[in-house]
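J.: Each chain, written out:
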Amino acid sequence: MTLTIAELARALDARLWGDGSLAILGAAEAGMAGEGQISLATSAAYTQKLAPGDMAILAEGTDPEALGLKAAVLVKRPRVAMAGLTKAFDRGPEIAAGIHPSAVIDPTAEIPDDAAIGPFVAIGARVKLGAGARIASHVSIGRDTVIGDQVMLHPGVRIAHEVTIGHRVILHPGVSIGADGFSFVTPEKSGVEEIRESLGERSEIREQHWTRIHSLGGVEIGDDVEVGANSTIDRGTMRATRIGRGTKIDNLVQVGHNCIVGEDTMLCGLVGIAGSTRIGNRVVLGGQVGVSDNIFVGDDVIAGGATKIFTNAPAGRVLLGSPAVKMETHVEAQKNIRRLPRLYSQVAELRETVKKLMEKRSGDDLEEGGRSDE
Amino acid sequence: MTLTIAELARALDARLWGDGSLAILGAAEAGMAGEGQISLATSAAYTQKLAPGDMAILAEGTDPEALGLKAAVLVKRPRVAMAGLTKAFDRGPEIAAGIHPSAVIDPTAEIPDDAAIGPFVAIGARVKLGAGARIASHVSIGRDTVIGDQVMLHPGVRIAHEVTIGHRVILHPGVSIGADGFSFVTPEKSGVEEIRESLGERSEIREQHWTRIHSLGGVEIGDDVEVGANSTIDRGTMRATRIGRGTKIDNLVQVGHNCIVGEDTMLCGLVGIAGSTRIGNRVVLGGQVGVSDNIFVGDDVIAGGATKIFTNAPAGRVLLGSPAVKMETHVEAQKNIRRLPRLYSQVAELRETVKKLMEKRSGDDLEEGGRSDE
Amino acid sequence: MTLTIAELARALDARLWGDGSLAILGAAEAGMAGEGQISLATSAAYTQKLAPGDMAILAEGTDPEALGLKAAVLVKRPRVAMAGLTKAFDRGPEIAAGIHPSAVIDPTAEIPDDAAIGPFVAIGARVKLGAGARIASHVSIGRDTVIGDQVMLHPGVRIAHEVTIGHRVILHPGVSIGADGFSFVTPEKSGVEEIRESLGERSEIREQHWTRIHSLGGVEIGDDVEVGANSTIDRGTMRATRIGRGTKIDNLVQVGHNCIVGEDTMLCGLVGIAGSTRIGNRVVLGGQVGVSDNIFVGDDVIAGGATKIFTNAPAGRVLLGSPAVKMETHVEAQKNIRRLPRLYSQVAELRETVKKLMEKRSGDDLEEGGRSDE
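Residue numbers (our numbering), protein chains in the order written: chain H, 1 to 374; chain R, 1 to 374; chain E, 1 to 374.
It is possible that part of the hints are untrue.
If chains are identical, the list can't say which one is meant, so a pair holds when it fits in one copy or spans any two.
Simulated pairs of lysine to aspartate or glutamate, EDC-like, Cα-Cα distance not exceeding 20 Å [claimed, not checked]:
#1 Lys356 <-> Asp149
#2 Lys189 <-> Asp293
#3 Lys76 <-> Glu193
#4 Lys360 <-> Glu349
#5 Lys189 <-> Glu29
#6 Lys326 <-> Glu193
#7 Lys49 <-> Glu7
#8 Lys76 <-> Glu194
#9 Lys87 <-> Glu29
#10 Lys326 <-> Glu194
#11 Lys70 <-> Asp19
#12 Lys189 <-> Glu263
#13 Lys128 <-> Glu359
#14 Lys87 <-> Asp223
#15 Lys326 <-> Glu349
#16 Lys128 <-> Glu162
#17 Lys128 <-> Glu94
#18 Lys360 <-> Glu188
#19 Lys76 <-> Glu197
#20 Lys76 <-> Asp63
#21 Lys49 <-> Glu328
#22 Lys326 <-> Glu197
#23 Lys355 <-> Glu193
These aren't lab readings, by the way, just hints derived from the structure by calculation.
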């Protein structure tokens with residue numbers, strides 16, 4: 001794809017400096033640009049790597065003339081410009097228009113005329129596919145699933161039966177939507193149930209076989225959701241597991257059955273959310289965060305990487321640690337742990353001093369007439 | 001599927017109240033039931049959501065008449081009833097009877113007459129498939145693998161060569177059984193080996209290339225095992241990795257090569273078990289639990305979410321924390337850490353007081369004749 | 001496959017003892033060898049399990065005659081011998097020579113004559129495949145991807161467009177290489193950006209929609225890399241994500257966009273590395289280790305299981321804990337936490353004693369004339 005730098009500036013809603021007629025063939029990091037590529041210099045560190053004669057995207061306030069550039073696009077918030085820039089040049093995967101002859105599509109499925117469906121795709125009975133669907137190779141879609149417009153399903157995506165997927169949803173390779181929930185019961189109370197009730201005491205240990213609770217609910221995924229490679233979102237038991245509009249999920253994330261995840265929320269790589277938990281809107285859970293089952297994480301909560309959330313978290317809280325606590329509490333606790341060696345020596349010293357004081361005291365007492373302290 | 005409420009009560013081995021001839025078309029959470037659906041009211045909170053005229057499954061001891069219900073099924077342990085109820089209404093995925101013409105099956109494989117095999121399935125040489133097998137699209141099964149009766153393999157399951165799988169096993173989408181173990185060796189001792197032997201000291205750092213130890217052992221999976229979406233169970237080195245009868249494994253779980261996992265054990269989402277570790281019977285490992293290689297976790301151990309087990313755990317222990325310790329030790333340690341700010345001020349105050357006492361002492365000593373303490 | 005024990009000794013560059021003409025049909029753990037199998041007795045524990053008349057691989061220094069063996073191979077470093085032994089007997093998966101008729105290969109792709117390509121494989125435009133490629137069923141390879149010689153791609157591997165893969169690379173089932181990075185931006189500063197800048201303070205909470213930053217960079221994977229089942233390596237934003245030569249990656253590992261992982265490094269199961277982080281050469285990250293985005297982990301760093309690395313780690317460091325600290329600091333901190341109950345009682349006792357001393361003092365003072373301390 002080719003643009004002029006003036007067209008690019010317009011697309012990014014940004015200010016052009018220099019010769020707007022120059023052709024741009026692609027983009028690169030500052031210092032790595034080849035012929036016809038524009039450099040992205042989104043910070044002072046990158047700006048230093050620019051060479052005279054380069055074309056660059058710069059933060060407003062930088063002087064392209066002083067840098068000896070050939071042309072520049074000046075943007076207010078460089079990361080936002082990056083979104084527009086990368087979108088302009090992304091050619092993405094290639095899926096030929098139409099339906100590949102190897103695809104196996106149930107005759108009752110509704111497929112729009114403009115769908116692009118790759119090889120080895122299997123689509124079940126009564127599936128409804130929205131306009132502009134792009135479905136890569138090896139995808140399977142179970143019976144009675146409904147999918148919105150302009151979705152992109154990457155290779156090997158597994159969508160089960162009775163799932164609802166919104167518009168413009170992107171599912172990356174190997175994603176599983178709507179597998180059965182991990183829900184079992186023992187005829188008698190299980191060890192885990194006893195521990196939870198008694199806070200650690202178990203009356204006796206006995207046989208326990210797990211009986212399956214089947215998952216009748218489906219999954220509902222809102223518009224503009226993206227789910228990363230090999231992530232898994234299980235179906236609900238009696239009602240659907242839900243992912244709200246605009247929420248972004250990274251790779252290898254597990255969302256358990258019955259969970260309700262809000263809108264514009266972000267779940268980073270390897271996050272695990274156990275069953276029946278609710279996550280609010282605009283929540284950000286860092287990589288490897290874990291959330292227990294049946295709890296509630298309020299709107300706008302931010303949890304740093306590897307935070308483990310075992311109890312309800314009120315809206316707006318910033319969490320760290322395992323078990324998760326308020327950021328400042330965690331920082332304080334870590335500091336307190338680091339300072340322990342000093343505390344230990346202070347206490348040892350104190351004990352020594354006090355011991356001497358006591359001995360002295362006894363000595364004095366003796367001298368002063370044998371009064372007993374104790 | 002349609003049942004009368006009397007038939008449902010019989011299926012759940014529970015007591016019927018009211019008009020047993022009413023038809024049930026499905027089930028829903030209390031407060032969300034549509035026409036013909038029975039409400040599941042398994043707790044007081046759900047019971048309050050019932051409306052007069054509803055049909056419901058209630059815990060024994062609840063009064064359906066006072067709630068104005070049309071009919072009810074009264075059960076002793078509602079979660080157990082839920083297992084029966086959801087099983088009764090689960091239609092599951094749809095796999096047409098017979099072998100889909102696109103499937104590629106080696107002529108030496110033994111396929112029962114009643115198998116349902118979906119599109120794009122690849123089955124290798126000498127594979128034996130038990131009666132009633134349901135194999136969804138895109139599954140691959142490697143040469144010489146033996147599979148029991150009544151298994152359900154969901155889309156995209158990967159079973160390697162020389163694997164044994166029991167009866168009634170369920171493998172969810174994207175599961176990998178029998179990939180090569182993660183086992184390498186360096187010609188000289190590696191940094192990790194040195195650290196383990198010396199507890200942290202390394203004599204020098206040098207080149208180390210990893211040479212692969214191949215995995216000749218397979219995997220043996222017992223009857224009634226279930227493995228969640230995108231989980232991975234690696235093959236053993238010289239003998240099989242084993243998963244015992246009745247064990248349930250959630251999504252995105254990793255079981256390393258040579259592991260032996262017992263019976264009726266439960267591994268929740270994102271659990272990782274490193275190579276050659278043994279896990280006992282009826283063990284429950286919560287989400288994101290990690291277990292080191294070459295250790296032993298005894299029968300009936302329960303480990304809370306995100307517990308990291310680095311050393312052998314005796315039977316029956318309840319574990320929490322990283323490194324894992326007994327639940328009560330962990331709770332105590334957390335409390336001790338939370339109380340540290342108070343301890344720090346107490347010690348600071350003590351030091352101040354003792355300092356004064358010492359000064360006083362010196363003053364007294366001077367007054368009393370200049371005896372030196374130190 | 002059959003070898004004589006003399007041939008095996010030669011292949012392992014080891015010393016033969018006894019009758020070299022004996023045929024070896026396979027290998028097994030000591031105590032589990034069947035007819036014609038050689039026992040691997042790599043430690044004293046295994047040596048005890050040998051029976052008279054066995055054939056065995058032993059560590060140099062063991063006496064095969066005293067054990068009554070029929071023949072033995074004496075090796076210097078048994079784990080290294082194991083690599084050679086298992087390689088000799090590994091038959092691996094079976095992929096028929098040639099291209100399976102069901103495979104869908106773009107006419108512009110370059111496929112070597114000696115390639116073995118299984119059923120349901122999809123290969124895109126202009127893909128270049130090196131000599132001796134073995135590609136199992138259900139693999140997809142995106143347009144313009146270049147793959148080296150002698151690679152092994154297991155079932156269901158997903159390689160996206162514009163990826164480069166070296167020689168002798170092994171990708172296990174379900175691996176995703178080159179999915180889009182998890183990179184989003186909000187038009188205004190997001191809550192996470194504010195928290196990072198202000199260390200916990202947020203001025204206000206507001207709407208934030210995530211705009212996608214597309215991933216234009218690919219992935220470059222060096223020679224002799226191995227990636228475990230269902231692991232995911234995302235493509236870079238402007239330049240490629242890179243995995244260095246000889247690096248081994250276990251199952252369910254996430255490597256984020258723009259990461260640069262060095263050579264001969266080892267990432268164990270469920271490791272997560274966030275975007276734009278650099279990992280050095282010969283680094284070993286244990287299971288479930290997490291590494292934050294945009295940091296640097298130096299050469300030869302070793303991090304124990306479940307270590308969470310939030311800040312740069314200098315070369316050669318051995319890390320443990322969350323947040324990661326030097327091994328000795330972590331061990332010390334754990335000890336300090338374990339000793340807290342004793343510290344609490346010491347301080348309580350000290351307070352009691354000092355209180356008494358103070359009371360005594362006041363009493364003395366009163367007796368001595370009522371001087372006030374404070």
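J.: Hint by hint, say whether it matches the structure.
T.: Outcome of the hint check:
1. Taking the closest pair of Cα atoms, Lys356 and Asp149 never come within 20 Å of each other, the shortest separation being 82 Å inside a single copy and 78 Å across copies.
2. For the homomeric pair Lys189 and Asp293, the shortest alpha-carbon distance inside one copy (18 Å) is at most 20 Å, but the shortest distance between copies (31 Å) is not.
3. In this homomeric assembly, Lys76 and Glu193 come within 20 Å of each other (Cα to Cα) only across copies, at 16 Å, whereas the closest approach inside a single copy is 55 Å.
4. For the identical chains of this complex, Lys360 and Glu349 are neighbours both inside a copy (16 Å) and across copies (18 Å), given an alpha-carbon limit of 20 Å.
5. Taking CA atoms no more than 20 Å apart as the test, Lys189 paired with Glu29 passes in neither setting, with 59 Å inside one copy and 22 Å between copies.
6. In this assembly of identical chains, the alpha carbons of Lys326 and Glu193 lie at most 20 Å apart only when taken from different copies (18 Å versus 28 Å within one copy).
7. Taking identical chains as interchangeable, the C-alpha atoms of Lys49 and Glu7 are never at most 20 Å apart, the minima being 25 Å within one chain and 59 Å between chains.
8. In this assembly of identical chains, the alpha carbons of Lys76 and Glu194 lie at most 20 Å apart only when taken from different copies (17 Å versus 58 Å within one copy).
9. Taking CA atoms no more than 20 Å apart as the test, Lys87 paired with Glu29 passes inside one copy only; the shortest distance there is 16 Å, against 43 Å between copies.
10. For the identical chains of this complex, Lys326 and Glu194 are inter-copy neighbours only, at 16 Å across copies versus 30 Å inside a copy, given an alpha-carbon limit of 20 Å.
11. Within a single copy, Lys70 and Asp19 get their C-alpha atoms as close as 7 Å, which meets the 20 Å cut-off; across copies the closest is 79 Å, which misses it.
12. Only between protomers do Lys189 and Glu263 lie at most 20 Å apart by alpha-carbon distance; the minimum there is 18 Å, versus 37 Å within a single protomer.
13. Taking CA atoms no more than 20 Å apart as the test, Lys128 paired with Glu359 passes in neither setting, with 89 Å inside one copy and 85 Å between copies.
14. Taking identical chains as interchangeable, the C-alpha atoms of Lys87 and Asp223 lie at most 20 Å apart only when both belong to the same chain, with a minimum of 19 Å there against 32 Å between chains.
15. Neither within a single protomer nor between protomers do Lys326 and Glu349 lie at most 20 Å apart by alpha-carbon distance, with minima of 34 Å and 27 Å respectively.
16. In this assembly of identical chains, Lys128 and Glu162 lie within 20 Å of each other by CA distance solely inside one copy; the values are 11 Å within and 32 Å between copies.
17. In this assembly of identical chains, the alpha carbons of Lys128 and Glu94 lie at most 20 Å apart only when taken from different copies (16 Å versus 23 Å within one copy).
18. Taking the shortest Cα distances, Lys360 and Glu188 never come within 20 Å of each other, neither inside one copy (66 Å) nor across copies (62 Å).
19. Taking the shortest Cα distances, Lys76 and Glu197 sit within 20 Å of each other only across copies (18 Å), while inside one copy they are farther apart (55 Å).
20. Taking CA atoms no more than 20 Å apart as the test, Lys76 paired with Asp63 passes inside one copy only; the shortest distance there is 14 Å, against 66 Å between copies.
21. Within a single copy, Lys49 and Glu328 get their C-alpha atoms no closer than 38 Å, and across copies no closer than 40 Å, so neither meets the 20 Å cut-off.
22. Within a single copy, Lys326 and Glu197 get their C-alpha atoms only as close as 26 Å, which misses the 20 Å cut-off; across copies the closest is 17 Å, which meets it.
23. Taking CA atoms no more than 20 Å apart as the test, Lys355 paired with Glu193 passes in neither setting, with 50 Å inside one copy and 47 Å between copies.
Comparing the model with each earlier hint shows violations of hints 1, 5, 7, 13, 15, 18, 21 and 23; every other hint is respected.
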